[in-house]
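J.: Sequence:
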Amino acid sequence: MKRDLLNREPAKWRDQDELAQKIGQTRKKAEKHQLVTLLCDSLARMTEKPKHRRPL
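In the numbering used here, the protein residues as written are 325 to 380.
Simulated from the structure, these hints should not be mistaken for laboratory data. Mixed in with the good hints there might be a few duds.
What the hints assert, rightly or not - Below, a list of computed lysine-lysine pairs in the DSSO-like style, where the Cα atoms sit at most 27 Å apart:
hint, residue 1, residue 2
1, K336, K356
2, K373, K336
3, K336, K346
4, K356, K346
5, K352, K373
6, K346, K375
7, K353, K336
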């Protein structure tokens, strides 16, 4: 619990930062493309708005 209070970045953000660093270090185009796809999907999931049901 203390770790969460002191560390302000959520785990998702840290994972995305790690992916971005891997993209910068990778030399093969196919690997970069795969990592970029993973990162974009992750970012898209973060920014999606929840779909609300219409009231009956």
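J.: Can the restraint linking K352 and K373 be considered satisfied, given a maximum Cα separation of 27 Å?
T.: violated (34 Å)
J.: Against the 27 Å threshold, does the CA-CA distance of K336 and K356 hold or violate the hint?
T.: Roughly 20 Å between the alpha carbons, so the hint for K336 and K356 holds.
J.: Is K336 within 27 Å of K346, Cα to Cα?
T.: holds (15 Å)
J.: Given the hinted pair K353 and K336, is their alpha-carbon gap at most 27 Å?
T.: holds (25 Å)
J.: Taking 27 Å as the top limit, are the C-alpha atoms of K346 and K375 close enough?
T.: Answer violated: K346 to K375 is near 33 Å, above 27 Å.
J.: With the threshold set at 27 Å, check whether the alpha-carbon distance from K373 to K336 stays at or below it.
T.: Distance ~17 Å between K373 and K336 Cα, so the pair holds.
J.: Check whether the Cα positions of K356 and K346 lie no farther apart than 27 Å.
T.: holds (8 Å)
The structure is inconsistent with the numbered hints 5, 6, although it conforms to all the rest.
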